[in-house]
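Starting from the structure of chain A, add chain B where the hints point.
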Amino acid sequence: MSTAPLNEIGQEFVKNKIGLAGIGILVALFIISIVAVLTIPLDTLKTWNNPESWLEFPKIALPAWINLFLSEKIPEHQILTNSKDSHYSEDELAIFSQEFSVVYEFDDFPNDFIYEFTAKYYGAPLLQISVLRPDDTTIELLSRSLPYSEATIHHERIFSTDDTIKKNIFLQAEKFGFPLSDISAEQVVFSESSSQKVLNGRYVFLIRLVDVSSESEIVDSSLILGGKVFGFVGTDELRRDLSVGLLWGTPLALFIGIAVAIGSVVMGLLYGVYAGFIGKKTDETMMRFNDVIYALPALPFLIILAVTISNSIFVMIGFLMIFGWVGIAKVSRSMALQIKTRQYVEASKIMGQRSSKIILRHILPQLLPYAFASVAISVPAAITTEAGLSFLGLGDPSFPTWGQILHDASIHGAAARGLWWWVIPPGLMIAVTGLAFVFIGNALDTIVNPRLKR
Amino acid sequence: MFGVLMATLLLTIVLVGSNMDVILKQGVAFQVRNEITQNPAVASNFASADEFEKFVQEQIDQRSKALGLDAPWYSPQRVGLTIYKILILDFGRATFLTSDSGSSDVKDILLEKIPKTILLFTTATIIISIIGIFLGSLASSKINSKTDRITSTFAVVSSSFPVWWIGMIMIFVFAFVYHLFPARATPSVLPSDSGYIAALLYHMTLPLITIVLIGFGSWAYLVRNFMIGTLQEDFVIAKKTIGINQKKIVYGHALKNAAPPIVTILALSLSGSLGGAIITEAVFDWPGMGRLYFDAISVMDLPVIIGATYVLTIFFLASIFVADLLYGYFDPRVKTS
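Residue numbers (this note's numbering), protein chains in the order written: chain A, 1 to 454; chain B, 1 to 337.
Simulated from the structure, these hints should not be mistaken for laboratory data.
All residues carry an ideal CB built from backbone N, CA and C; glycine is no exception.
Accuracy of the hints is not assured; some may be wrong.
Below 25 Å or equal to it, Euclidean Cα-Cα: the simulated DSS-like pairs (lysine-lysine) are [said to hold, decoys possible]:
no., chain 1, residue 1, chain 2, residue 2
1, A, LYS175, A, LYS197
2, B, LYS146, A, LYS17
3, B, LYS54, B, LYS146
4, B, LYS142, A, LYS17
Distance ranges between label pairs, derived from CB positions [unchecked claim]:
no., chain 1, residue 1, chain 2, residue 2, range
5, A, VAL432, B, PHE134, 58 to 64 Å
6, B, MET6, A, ILE34, 47 to 53 Å
7, B, SER298, A, VAL432, 26 to 32 Å
8, B, LYS65, A, SER356, 53 to 59 Å
For reference, chain A alone in the conformation it holds in the complex (with noise of 0.2 Å):
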């Protein structure tokens, strides 16, 4: 074990090519984390195990990117929001009016579109839906009056299954040339007139809320063309987008590992030092006591703990961390003894000073390098127990760790129906983030170990 100086150490680091392509990861991480952070805010991830929340997505979409392989092209799960809004009066009624333009360019029927909408009004406006197709014909969707009231906010969801919407379809039946019955709405509207294909084009989704007085408005209102892919990774089961929780699961991760590695190197190393010392009866019994916690099989205990005392990710790190100083005690106690029999040591006891400021002074100083060297090798171990933990279902709840999508992944079977945009991303995002640590741990090890360096 060398005791090089801490900028020889970064000089030889800098040289490995290993532990600099780990740190090139851990950079890209931490961007990825801030990205996360500033970007999602922290009430969405509060709601991720709610389903309510997550009601405008779809079920278990692929990724968005799979088309860029496939040649018939899936219809792509869109939630427009911005319509181009419009006030206007006409034969004395006031008329709000919304437009929806949307380029469909899919080989696809999607699986329905849903129309959502919050409207302020008073009495009973009329409400019309239609669509300009890419062939210049409109189709009347919907037009039906709003439940009667004083002063209201309404907030409805029409979905293309509504029966008035069929009934209405079916009763243009003339611009299509083919039956129309036992085909749902959306197949129609997004088909040809001539024969029952996808008719690519733009589409113009027209909404009319018409009424006598001009206050009646459409506050807030989305239109979703329900697909079968979205986003970078996909949507799971319950709706949820994934990306929400692979993007925060970052910096949970990062900071999960780092907190377990530090706080358990610093308590090892304070532990082992000052056994080793100390020596005589002291490190006796405190060895005797790390054996006992060395003997004690990790896991299990880690699933009792989170069991019966609390799952909270906080607690969680105490109680990896009580696991993880003891080896890192049972090696620097052994370094301990060895410096403590140095002629500076000795020199500055007889000095007279007094046995904390020599083990600051002059025995933890020469630890450092392999207390980094520790922290980086101790992280990837912490994530994966904590994933591990969390893919048994004891994770907490209210923090989406990449090991909790895991374990939803694991309870809806999603590896064995073939869902891998759900299985595979959180696993290799573990993977990579114990990479990036172990990766730097290698390269100090050398530094540190230089028997491994041949």
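Okay, now just chain B, sitting in the frame of chain A:
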């Protein structure tokens, strides 16, 4: 060593004891109420609801006293009794779990699960260590060669993947894409049928491949690092100069010298393999010790938890002991000091 065993047991009892008591007491109360409601004649004898409630409470207290639940779980008698019983290998009856044959005796449950765990994990550990020792020696004899680089890279990469995630990927590839192996590792055939062993082996293939795939890399890396140290020693260089075959030096002389730490790790991992792997078993649904442990913890079945912890700790300590003995055999310097 005995102290370590006791400390582990005590800690387990401390951790699960209080929850266990609450659950047991609720169980007793439920049982009593159930019996009384099934017998309407008892209820009609009481004038008021209060009186009836009092009677029920008395019954509950009586029953819990008979079970020794009146003393708190941390009372010396109860803890002492539990530990004494465990020492004479009487694990008692499981509260909720039963073995496949229907027995609720913890000993039966353990005896049923351990062979299955040995079948999968101990086999895997043996395969891993054989491949690992061979590959590690090969890599150390040709440092910086292609073999060495590939082994080291593979070791580093594989050690950072969680085994259970690789398990999920394996299920995806071999059960979903190619339909080669079943996704669940528990055979659907009954244990009494003649084809049971074949079915079990067939179901075992996928988890076995997964564990070996993830495990052998780090083994090879460890062996390589020990061997590099040994191969730098004077006696190896001397043998080389005499002209002894390189293979003979590596596998015959150097390997024997690097044996002590390797044997220690082998002993530890073999004993560790008996505990199964909770998470891996959960992924493949393998009915071994790990699965038992997890089930026991999730329903707070104290006798099973204590029994399993006890058995595992004994195995662990025994293997440390065996490793120490073997260490002395391979490295006689240890004996004299």
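Hints and how they fare:
no.	hint	verdict
1	A/LYS175 <-> A/LYS197	14 Å, holds
2	B/LYS146 <-> A/LYS17	17 Å, holds
3	B/LYS54 <-> B/LYS146	81 Å, violated
4	B/LYS142 <-> A/LYS17	21 Å, holds
5	A/VAL432 <-> B/PHE134: 58 to 64 Å	30 Å, violated
6	B/MET6 <-> A/ILE34: 47 to 53 Å	50 Å, holds
7	B/SER298 <-> A/VAL432: 26 to 32 Å	31 Å, holds
8	B/LYS65 <-> A/SER356: 53 to 59 Å	54 Å, holds
Violation of the numbered hints given earlier is confined to hints 3 and 5; the remaining hints are satisfied by the structure.
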